[in-house]
Each structure stands twice: as structure tokens, then as C-alpha cells.
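**Student:** So the chains spell out like this:
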Amino acid sequence: MASTSTAAPAAPNSLSLPPSQFARLQPHAYLLAHLSPPSSSNQPSIRANGRAPSQFRVTSANAGSLTHTNGSAVIRLGDTTAVCGVRAEILHTDDIASWSVSQSTNANKRRRIGESEKETETKDEEDRAHIEDLNLLVPNISLSTGCAPGFIPSAPPSALAQSLSHQILSLLHTSRLVQAEDLRIWYQPPNLGPEEVQQHNDEEQMDLDAGANEEETKPAEIKAFWVLYIDVMLISLAGNPFDAAWASVLAALRDTKLPKAWWDVDNESILCSDDVKESQKLSLRGLPISSSFCVFEADAAAGWRAVVIPDAEEQKVQDSKHSSQQQKWILADPDGYEEGLVQERVYVVVDKEEGKTVIVKMEKLGGWTVDSEDLRHLVDISAQSGTPSESHIDHEPHYYQHHLANDGTRLKKTFSADLFEKMTSRYSRAIKTRRRGSQVPAELYYTPRAHQGEMVSNNNPASLTRHGWSVLQFPTTLMRPDHPQSPVGCFDWCRSAPTALIHHISLGRFLRTAAHRGLPGKALLVELCRAFDWLAMGGNG
Amino acid sequence: MNDRRRVNGPPGGTRPPVYASLLQSGTGADTRAQRQRQPTDLRKIFLKTGLIPSASGSSYLEFEPSASLAAARSNPKSLIPPSSALKLACTVHGPKPLPRSAPFSPNLVLTTHVKYAPFAARKRKGHVRDSSERDLGVHLETALRGAIIAERWPKSGLDITVTILEAEDDRWWGDVPDSHDASWGMMNVLAGCISAASAAIADAHIDCLDLVSGGVAALVSDDSTDSPSALPKLMLDTDPAEHRSIVSACVVAYMPARDEITELWLKGDSSKVSTADGDQRSGHEALIDGAVDAARGAHTVLAEAVRESLQKTLGQS
Amino acid sequence: MSNKCQCVDKPPNGLIVLALIIRGEKSEEALKRRNGTANTMATSVPSLAIPGQRLGSANTYAAGPGTHIQQTNIFASIAGPVILDPAQPNTQSKATLRVTRILSTAAQSSPAAAFAKSKPRYNTLPAVDSIVLARVTRVQKRQAAVSILVVLDETSAPNADLTKAASDNDNIASILTSAANPENHSSTDELRFQAIIRKEDVRAVEKDRVVMEDMFRVGDIVRGCVLSLGDQTSYYLTTARNDLGVVMARSEAGNMMFPVSWKEMRDPVTGAGEQRKVARPY
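Chains as they are written, first to last, in our numbering: chain U, 1 to 541; chain D, 1 to 317; chain E, 1 to 282.
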């Protein structure tokens, strides 16, 4: 704020306005003035909200405060508040239309594979099939709560709400946070007469798990599943809804208790025990933490500053900067004001596995300025330790961990060079098998899509399900050079399940217009290919 | 019908869990929630304004958990909560321009929305507003419209949105619905909505005649075993889960400074009431007076919360 | 009062951390207390008011903004500091009681004379003669459509205390938290009051030779004065004064321009001039 008040009256022929009005009239220039204070004043580059570019807001969490839920949490991320309630309901296998069919095909598959090393993979596959195909996790985000002025309470979910719901769903699936076993309700039938056993065996032998094949007892069968309705009400939206919503989902799931349930033969239905002692907490896989960033560009406002401060030297500096490269700032945990001024966003979801940090999801969408070099740069500044400006992502898990993890462990380095190595080597391994050292033919990833809308939420669950876990694929989309307005590029990698640590990456680029940047479409294509190559080669050049 | 704009659950639908203890008749009677307060004692209210900075005004309201709920929380035994306590958030957006389609209005045009969170009640609620939520919205609008000085804000609109995070039960969960049954919990919700919205409007600096507050009173007959001649008693701020049978209930929106009621909603049979000696009031009069008394109690909380946030803002600047 | 409310760290059920819990009072006590406070207030004017609070008798004071009259008493209608504006010495009028929505201490201490000169403002909406800052959203042959961003108080003369100009929704914290465009740009305009500058209201001279394209461009920030409340959708603005017109504009090259004359602005980088109805810079 101080920088504005010095900036505005400095020009005799400009309006003098209080900061609040300046913020509303020229939001871009207002934020820019904070981030790049005139070199004459010794002010640090700081955001309009008083945070350093890499600083996150204070987060607080409170779990288990809602009575009618199996698990609940309230997360406050600065002024953004999300309330998440998890409700468990029962899905009988009788109500699943294709249940018997899918069971037998699964069993067939299992028998065919048979070998023990494939078992974990099959199990994972079954987990995925149960949770994803049966829709056992149902997250929905509501913004129709009066959380911000733009959302009409009576209207159907806005595009943002829909996209957030799907992002949460896809992250729940890809991170495999919830274990399918927790959601299954088994039934162990008693031993019956031999002829009945015979009859059952004919039909259901396939249901036998290779390990649990005890000849005497009849096989246990799944009678029902728990379905988790995960509803997030964003009570207050002041930027970064995804991080807040995801954190609330995570905290609520950690708080979730499922009652003990069994198949009651007399009633022919599932009954539950209301005894708290018999209920079970969910055993979650890991604790994936999400961090969002946005990229603020100096852009055309450089000229505006030149007017305000008619300083020849300043002008020169600005000019040289302008000609060489756009100035930009990567802002962690953006607030609502900043979100309205940026086009480019980066989402990173990290987790800790066996003491090492892994990336669960990384997504970059919109914008044009952060290229492969910048991604690398992001990693570099994160890796710098001991410098006063601590890395963005280093910050993040600290506070989440602090509030969410009861075990007191903290992630030390989340996005260190070491991690980067790990990440890129995984890529290179995965990708090289596919590439076989040869150049990717251009036509392979030059696939214009009909639906531009799909690109925006390029993390949509439909495509994930389609691409699946078992096969490594590169559904890659680039923009059409002949259509400057239409998309873009989208890389979409999935690793196969058993050892997968990197679940999903997509890298999207959105071109405003080729003419605007003076870049012909073809140059853009080349640029995108280079980014792709860089990632494909494991980032080692 | 499939809602394509939301993530849908299994297409075949799901069933809420059935607890085995519910099937055994007679159980749970000893764990039935009991009112620990005196008939005229009100529950504590937690109310705070200005928590949502992107709104022009906002408030958050929470009722004190009943004794049985507090006990269940501190020492959980059963997964079935004995009762619940109201929790809601209210935002005010505006004054803002009227939509293009709206006709000219020399006054402030009030719009109210009340929505339950899907997890707010014992039974899971849908995402689309149902009739009871619309009903609450209309009642709330009536209550507020009488308090707002609408002519100070020509040709502009005010959106009031209430999100209910936890609602109150209509009866004790173990009871089967009987002839007296109605959505009694909704009346408590409305009283909470009125007080919270009033605080949010004050937070938004919209002119109003007074801080309008909501209060509930009910005629309760708790002794089902007694002779049928036993008359129902008047109770203030009733939690339906704590009573065996609510005969009638009343919610008012009340402005103490003017002694005016802006909204009155009375349900049930108020013809019989056991009053103190010498009390000549009829059943519904006693009921309304009781609700007004409850609203007066809520008003003291409301005034304190508004004053507190005002002092806090002044202290900051 | 203190025995009725207690501050604790957490609300009973703990959704939000800081809490004030006030015990629901028995109604008789509440009534007693209310009457008691009302009696004490009759003698002196309270410094802070909440809606519905009695401020004084209508026989002694006149009712200003933020108050209303009920029978013979003045009541507050908004929450805020109470300000007593002394009566004008040379008139017979009574001292005016008002409740201000400006919550800064600077505004409280500012002399009431500024207020007395202008019309009392009962709301923060644009009113006739309000000076507003607006962004041009559409330029047509006969008129330009603008979206009002800021309503400047009439009292805020160019060299007046800047904090006084802050209207109700000019809290910087709330601006920073609320999304500049939650979903898209069009919806933000729906949240702002719309206005129209008709061709004949652009300037005072040579009205018939006005070409709208040479006066305003989309995106310009214009200072205008409200002519009338207009129809149901739009206010009417005028810029037909020297101090009114375009105050901020970007050139076609995207640079901020500076004014060079009453009808031209110039791009400092390219040096190209563009035509505008320029407001006189201070």
C-alpha cells in the first residue's frame, strides 16, 4: 500500500486516489506496483495482501464438529473457508446391475493371471475398479452458499464448482487415498449341505481369492459397499478454492468412522452396530497435500509505471526488460484478487512415501509464460536452502502437516533437487520405454480436439478413466496452428499402477492469440515439442 | 434423472445405514435426550459477524449443544447422535444493481435463500432446494422485510443467503412419527436464520429499524403415560429431540425497540395449555408471548455481537 | 452486562476459533435491562450505536443519516459511531444526530463543517450530483455504457482528506479477498451499477459535433457526475465539465497515456496521440 501512495502522487498530472480506489480501478497496476516497487525506495517486493510471493496463508483446521456426519472438517485457509462432511451410505451388491457379471469376469482374469507377482497388481486393479466403476466416492463442491458475490445461490453449480468437484474426484481416484477394502462389507456364509456347496462352487468358484482359498469354508462374498458422500460447502471464497476444498476433504476423511456392518440373513439386509468401539476409521494411503500457484505477469503495465515515474533510467530498465522478457512473479496460494489477474496456474500435489516425497499430481494450465525452463526454475528456487526466501512448496506442507497429521511428522523437503531427480528419472524410464529412443512423430501428438472446453479442466475424470492405470499413454493435444484462438497443448501421462508414484501429469498451454505474441503457430508448435522433449528426456537436456 | 453437473453416486442409489439397535424395540428409551433446562431457560448462542470478507455482511450462528449431545460428544458411546445443535452461516451481498430483467423499484429488493448442506440433517439432503427450504426462504424474507428501511436504497437489490451446516431434529430419533408430528426442527432453524441474517445485515450497514431476532416457544406434553387430561406445558427454545410430543410451536421475528412482530408462524393445536393460576391468556397468546420472550433473549446476544464487531473494527482502523 | 456474557476460547462445538458466548437471559431481566439502558441514554448521546438503539429525543435533535424517527425519539438504523453535528449558528435548526458508516478514526475527528455544506447521504449508492469513477464497457453512436466502480463523496474535494472519500465498500481487505472476476468478466459488471453517457452529455461545447468514438474507448476510466437515476437499469452520467471526462486510458499499444490537452492523450512509448474527452488533471 505504501508503494502506491508514493507512486500515485509522484505524477503531478495523475489522479490522486486512496489505495482502495486505485485497487479497484487499476487492479493490475496496483498489484504490480506492490511487486515491483521503484528501485529508489528500498521496499521489498511484496504482494498487495502483504505476503511475500512464496508465502502461504495461515491455515487452521477443525475436525469432527458436525453431528450428522461420519466425518467432518472445517478448513480456514486465510479467509477462504471450506466445510466438508462425509456421509456413508450402503450400496447393496444386489442393486448393482452388472455386479454378478463383473465378478465372474474379474475372477476369470485373476485365474488366468494366476502368478503371485501379478497379484498386487490385480488387487490394485480391483481396488480401482470397485472405487471408480461403482462410484463409491462421491465428492461435490458447492459454491452456491453466498461465498462470493458472483455466484447466484439458486443457480445450478457454476462451471467453477463443477470443475472443482471433478478435480477432487480425479485426485481421490489417482491418489488412491481411500482403500477399497475399507468400503467392502463381507459376508461369510455358514457351511451348508454338500449339494448346495456344490451348486455354489459351480457358480462362485471364481470368487475365490487365490490366497484365501480354504477348502473347507465357503468363500466370503461381498454383500455391499460403503459409499462415501463427500460434500464440501465453501462458506467463504477468498481465492484458492481447490487447496481449501482438498484439505477439508482430506481432514474429513481422516476423521471418518464407519460403523461395523454385517449381512443379516434374517432381515436380508445390512445391519450396522452403533457402538463407537466397533466402528473403524478409514486407513488412508498417505497424506497428499496440494499447493496452488499462479503466475502474475508485468505485461503491458510496464508502460503505466513509466508514466507514473518519469525517470529516464527507470524507463531504460523497463525498456530492456520489456524487450527481453516479460517480468513475472509466481505467487503461492493466491487470494481472490490475484486470481482475477492471472491467466496461468500451477497445481502441485505432493505426498510422502517411505520417507521420500513424491508428486501425486502436477498441473499447469492457462497462460503462456511458464515454459519448461520456468518449471525447472521453480524447482531450482525450491531447492535453494538457507536463503532467506524459502521455497514456495517447502512452506506448504509444514502448516498442513502441522494441523492435519497427528503423528507429528513433517515433510522436510518436498520439491528438492533430489525429488526432482526422482521425478524426472521416473518419467524418463516410463517415457523412454515408449519412445524407444526415437523421435516422437509429430502426428502422434498433434491431435486437434473438437471440444475446447475439455482443455480447461484437462484433468477431467472421464479421460483418466479412459486412459486408466494399466497402460502408459500419452494423450497429448496441441493447439491448431491454423486456428490461433483454439487450443493449446495438453500432455497427459499416466503410469501403470503397481509402482506408480507419479499418477498423473498434465501440462496445458493456452495461447491467447498467436498474433498477440508475434509468434506464428508453427513456432509455438516447436516450442511445445521442446517442452515435451524436455520432460520426456527426464529434464537432463 | 441424472444430474450431469454434479458428481453422482451409484446409479442404483444407496441406502442409509440401519442400526441393529433400532430394530430391537424398547432400546434407547433410557438414552432418550432429556431437557435439563428450566422451561424459560434459553440455550446459549454463539454469534459472530464479519467472518466472510468477500461479502458485504456475514454472520455465523451456533446453538449450544444440549446436555445429552454434549455428553455424547465428550464421551462417545453410540454413533447415533442423541440430538443436534443448529449451526449456520449467513452472507449478505449488496446493495447491488437489480438484474436487467427486473422492473424499476424505488426500494431495496430483498432476496433470500436458505439451503441445507447435504450433511445437515439426519437424513441426507439433496443438492437442489426442496420445498421446505423454499418455505424457510419466504418466511425469512417476511421477517426481514419488516425490519429493513428499504426506501433508503432505491433501485438496488440485497441477496441474503443462509447455509445450514447442522439442522435440528424434528423429534427424537428413536420415536416413530405420530399424529402430532410436524417439522418442528424447521421452526428452530427459522429462528436461527432470522437472528443470523439480522446480524449480517447490520454488518453490511443496511438501514433497519431494529435488530430483529427470532425466538421459538412450544407447548409440550412430555408425560405420555399420564392421564390424557394433563395439559401441555409452555417451554421456550425447545429442542424437539428432548421432548416426547410437541403439541404446537410458534416462531416469531421480533423487534424489541418497537415491540413489533414482523413474522409469526404458529403450528399445531394451541387450544389447551396449563398456565399458572390467574393467567387468563389463551393457548396461542401464551405461545406467542413465550416466543417473544425467547426472541428478546436472542436479541441481547445479537446486540452484543453487533456491538463487539463494531468495536473491533473501530479498534483496528 | 458482564455477568451475562463470557469469553471463551472455543464455542461449544467449535467451528470457529474465537467465540463470545452470551447466556440467553430470562425475558424479564432482558426487558429490565433494556429499559434501564434506555433511561440512561436519555441524558447523554451514546458514542456507539447499534440498529434500534435510542439516541435521543426528536425535540432536542434533528435526525441525520443512519438514524430514523419513531414517535418522538431518534433511533439508530445502522451500527457505527454516533456523531453530533452542531447546529448552524445563524439558523434556527437543531443539532443533527447521525450514525456514520465510515469506520475510521480520521473520519470521526474530521470537522463536521464539510458535512453540513453538502446534502446528507443516506446510502452509499450513486445519487444525483455524485461524482463517480466508471469504466467504459461499450461505445455506441449515440451513447457510451459504463460500469460504476467507485462513488466519490461530494465532500471529497481534490485536496480533501482522502480517507473521507472511502465509501462503505471501499474496505481494502474486502477488495483484496473478493475475486475481481469470479467466473468471467461479464458477471462482475452485473454486480456493479451501470450508467450511460449520452452523446449530448459528453461535453458542454460543440455538442452536435461529438463523435463518440473520439471521446471514449472501452476500458477507459471516466470521471462523471450523476445526472439522474435514469431507468431501471442505468444511471445517466454527464462529463460536460472541465474536471470530468477520461482520467485513465491505455493506448492502442497498451500503454498508459497521459493527457496533453482537453481532447487528446498521448502514449509515452510510441508518442502517438489519441483523441478523448479528457478530464482536467489536478
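It should be emphasised that the hints constitute simulated quantities derived from the structure, not laboratory data.
Some hints could be false.
In the BS3-like style, the derived pairs of lysine-lysine whose C-alpha atoms are separated by at most 30 Å in a straight line are [to be verified]: (1) K94/E / K96/D; (2) K218/U / K277/U; (3) K281/U / K328/U; (4) K281/U / K77/D; (5) K123/D / K257/U.
**Student:** Which hint numbers doesn't this structure obey?
**Tutor:** Result: hints 1, 3 break, sorted rising.
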